[in-house]
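J.: Chains as they are written, first to last, in the UniProt record's numbering: chain A, 1 to 259; chain B, 1 to 321; chain C, 1 to 359.
What the hints contain is simulated information worked out from the structure, not anything from laboratory work. Honestly, I wouldn't trust all of these hints.
Unchecked claim - Pairwise CB distance ranges (calculated):
no. : chain 1 : residue 1 : chain 2 : residue 2 : range
1   : B       : LEU40     : C       : LEU36     : 57 to 63 Å
2   : C       : PHE115    : B       : ALA256    : 23 to 29 Å
3   : A       : ASP69     : C       : ALA61     : 42 to 48 Å
Glycine residues also receive a C-beta, built at the ideal position from the N, C-alpha and C atoms.
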Amino acid sequence: MAKRLDVSDLDIYYDKFLAVQGVSMTIEPRSVTALIGPSGCGKSTFLRTLNRMHELVPNARVEGKVMMDEEDLYGPNVDPVRVRRHVGMVFQRPNPFPTMSVYDNVAAGLKLNNKRMKRSDMDELVERSLRSANLWDEVKDRLNRPGSGLSGGQQQRLCIARAIAVQPDVLLMDEPCSALDPISTGAIEDLIVELKRDYTIVIVTHNMQQAQRISDTTGFFNLKAIGEPGALVEIDATTKIFTNPGNTATEDYVSGRFG
Amino acid sequence: MRKGQTVPPTSERTRTRGAPLSLGDRLFAGSATGAGVLILLVLAGVAAFLVAEAWPALTASEDEIPGGEGLVLYIWPLLLGTLLSATLALLMAAPLAVAIALFVTHYAPRRLAAPLGYIIDLLAAVPSIIYGLWGFSVLAPQTVSPSGWLAENLGWIPFFAGPASSTGRTMLTAAIVLAVMILPIITAVIREAFLQTPRLHEEASWALGATRWEMIRLSVLPFGRSSMIGGSMLGLGRALGETMAVAIVLSVSADAFSFNLISSSNVATIAANIALKFPESSGVAVNVLIASGLVLFVVTLLVNMGARAVINRRREFSGAN
Amino acid sequence: MTSLTKTPTPQDLPAVSDVPLTHGSLPRRAAPLTLLGSVLAGLLLFVLDWSPAWCALLAAAGYTLTVYLWSRRVEGSRKATDRVVTAIVTSAFLLALLPLVSVLITVVGKGLARFDATFFTNSMRGVVGEGGGVHHAIMGTLIITGLAALISVPVGILTAIYLVEYGRGRLARYITFFVDVMTGIPSIVAGLFAYALFELFYGPGVRMGIMGAVALSVLMIPIVVRATEEMLKLVPNELREAAFALAVPKWLTILKVVLPTALAGIATGVTLAIARVIGETAPLLIAVGITTGDNFDPFDGRMATLSVFSYYEYVSPGVPPEPSLDRAWSAAFLLIIIVMALNLVARLVSRLFAPKTRA
Chain A
1 MAKRLDVSDL DIYYDKFLAV QGVSMTIEPR SVTALIGPSG CGKSTFLRTL
51 NRMHELVPNA RVEGKVMMDE EDLYGPNVDP VRVRRHVGMV FQRPNPFPTM
101 SVYDNVAAGL KLNNKRMKRS DMDELVERSL RSANLWDEVK DRLNRPGSGL
151 SGGQQQRLCI ARAIAVQPDV LLMDEPCSAL DPISTGAIED LIVELKRDYT
201 IVIVTHNMQQ AQRISDTTGF FNLKAIGEPG ALVEIDATTK IFTNPGNTAT
251 EDYVSGRFG
Chain B
1 MRKGQTVPPT SERTRTRGAP LSLGDRLFAG SATGAGVLIL LVLAGVAAFL
51 VAEAWPALTA SEDEIPGGEG LVLYIWPLLL GTLLSATLAL LMAAPLAVAI
101 ALFVTHYAPR RLAAPLGYII DLLAAVPSII YGLWGFSVLA PQTVSPSGWL
151 AENLGWIPFF AGPASSTGRT MLTAAIVLAV MILPIITAVI REAFLQTPRL
201 HEEASWALGA TRWEMIRLSV LPFGRSSMIG GSMLGLGRAL GETMAVAIVL
251 SVSADAFSFN LISSSNVATI AANIALKFPE SSGVAVNVLI ASGLVLFVVT
301 LLVNMGARAV INRRREFSGA N
Chain C
1 MTSLTKTPTP QDLPAVSDVP LTHGSLPRRA APLTLLGSVL AGLLLFVLDW
51 SPAWCALLAA AGYTLTVYLW SRRVEGSRKA TDRVVTAIVT SAFLLALLPL
101 VSVLITVVGK GLARFDATFF TNSMRGVVGE GGGVHHAIMG TLIITGLAAL
151 ISVPVGILTA IYLVEYGRGR LARYITFFVD VMTGIPSIVA GLFAYALFEL
201 FYGPGVRMGI MGAVALSVLM IPIVVRATEE MLKLVPNELR EAAFALAVPK
251 WLTILKVVLP TALAGIATGV TLAIARVIGE TAPLLIAVGI TTGDNFDPFD
301 GRMATLSVFS YYEYVSPGVP PEPSLDRAWS AAFLLIIIVM ALNLVARLVS
351 RLFAPKTRA
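One chain only, chain A, in its complex shape (with noise of 0.2 Å):
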């Protein structure tokens, strides 16, 4: 089911201030494409647009193209409330409801979109999405406690399960284990590895470490200069964007030289 996202000339504004400008790339299916750069260039922006959450916002907006695969995602008739049913999302801070049960979070998904689903096909849902989350084993014998009883890392995964159970084409990710320590964020990082068997998965990460560790593509992106909008400047497989980059910026950033 993953489906291949084509950006083309994307520009995204905040009411008339661009954010991030003139924005072009391909993200392949079943494959991590990490996002890197310094703060406030425009990466989660950028992130947000893929499942129209940046509209939110009001008064932002986006002028240009996202495809997925044949179909684009700011075209007539598009709703938006389908668009993030297709691409989940999983935020820099685990963010499990915290009134709900572990099973009843990782349901919820299932819930808006399935109202008259059997008991029995739910709990496969559950069960098998906590599986591809690896926190199946953890949780088993309290699918009916709060999930906000679990610890950071376990939150984390809950947050993916949940996202995942709606089956999405593509999985975006917000710097998702900036609130973990190191043991978690492995964890979170071999499930990475894993679930894009199934998955086009986005990552932005301030990390550059993990972006080398579980990337296929990296692309980079910076202001322009000081009060420009934030631009890609470059994208390419992570072992050139890391070795030999095509771009001095780019090669001060990973090197650590910038700022």
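Using the hints, position chains B and C against chain A.
T.: Quick look at chains B and C alone, frame taken from chain A:
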């Protein structure tokens, strides 16, 4: 320096404990503490003086009490009238308050949230005497024909048994006025909670492909649940004690409580009864009214303490997150 | 769930129904046009002499139903539910505006009748029928509210200082809790309290302006405490530490650094608290009563206040009743002007002098 703030550094603590404080410090700290203690004393005083003044009514013989059937039978129907009007007002105001809080926080444009909230707050600024006058002269006449319709078509429900009042000064009208008065109080508490819904949880819902209403059901309402309960209880406490609006709007002519909401013979509420009778009372009658006031005090105290406990629990809950 | 121990194989997994990205949606102008149609239908009913309340109700219901059915057909049930909730929530807000607008229109409409010079300069002494004024009641309201503020503001601010700057442990927790509880004391109970207190010293039937001030203080103190506490908490701790580091004693730090920083906020809170109690009727009815002539000595017998004046003019009008009712509405109008003005002043103060530390 209360819970959640940093503990003062040890050096400062040892200094303040070891060395004698300056005179200024002692005076200032003393008067601040004194003011706090005074508040506790006032509250205790309210209870103590009311008990002292209610005492003659408690010990008086039955036929000294107005109505001639003893204190309990005097206050009981009033208490029921109080509970009925306040509960009815709450049933009308609470759902409306939730909807208004949602509109202000999640439907209206963000920039308008504060001004719109202010407009609703203005409802709370209107003095209760004015609500009374308004209820009497504007709202009551409007309810006459609907009440007639209710009595005719739904008369089999005890609430609408009729005969419908021809002035509209009914329990129903009083409850509507009370609902308008407590609406801003409930809305303010709920609005505050809804505004504090963590963005993280809202975004989690959006990212799952929720519509706006589904997002609210998944994130906003569960987060605000105890505030909805607490705010409603605060509103209930206010409605129980509201005096002038009921005293003016309600036509009081019965001594026995009934569930009939649309008739012209109603039993008063405790507060309205005090306002209506107190200026012309003397002797034991005053003590009886104070005794009824004591009952009202206890009931509102319990409701308010419950409300605060519920709201504070939420505060701890959200702090832990 | 517990019976599910086997690993599910792909073929017996239930498929999540495939949701196409696009689907039908209502034309952009569908909702506004339906709204316009409903409003027009409502106006038509109004012209046909239906009551305004029914017209508004039917228009709202008509809009909601049309949009629901239309959206359900084109966009599916989830979107339709979403649209219905939007309609309900918006109408709830508009519904709440209705009494506010109606109250204001009524009070202004009926209250202007007696806004003349006599009304503001005369008392009611010897007045039967037309004429008369509320000068005595205005003064009474100002004196009693002023005294209440005089009692409440120092006590309230000091308590807040205790809670924020000194209070630790059980006493502070009790005070916080009971201040909250105190906000819920029915105003009539506050009046009874003042009466019970003074009756012990002055005997039955006592009525004095100061009793009203005491009753109002009971209502006002918790509001002042709450407001001041909020403001003191907004003062950044760095300011206090900077002063401590200069060896300024704590009380001077509070007096010279903390309070001035929070002053605008505290002033706003106090103004709002005054606005809250200045319109109170019930406690004054119990504790102060009413009189027809000038009495500006709060320690000597009954005084007149605007709210109680309005009440008595309304419930016991003369014959004919019109002059009394006019006076009642005009007093109410004056009261609402005062309250709204105080609210406005409070907002202005907080807007103009807001500390820059707030985000």
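J.: For each hint, tell me whether it holds in the structure or not.
T.: Hints, one by one, checked against the model:
1. One distance hint, 57 to 63 Å for the beta-carbon pair B:LEU40 and C:LEU36, holds here, with the actual separation near 59 Å.
2. At about 45 Å, the CB distance of C:PHE115 to B:ALA256 disagrees with the hint of 23 to 29 Å.
3. Roughly 44 Å separates the CB atoms of A:ASP69 and C:ALA61, a value that falls within the hinted 42 to 48 Å.
Hint compliance for this structure: hint 2 alone is broken.
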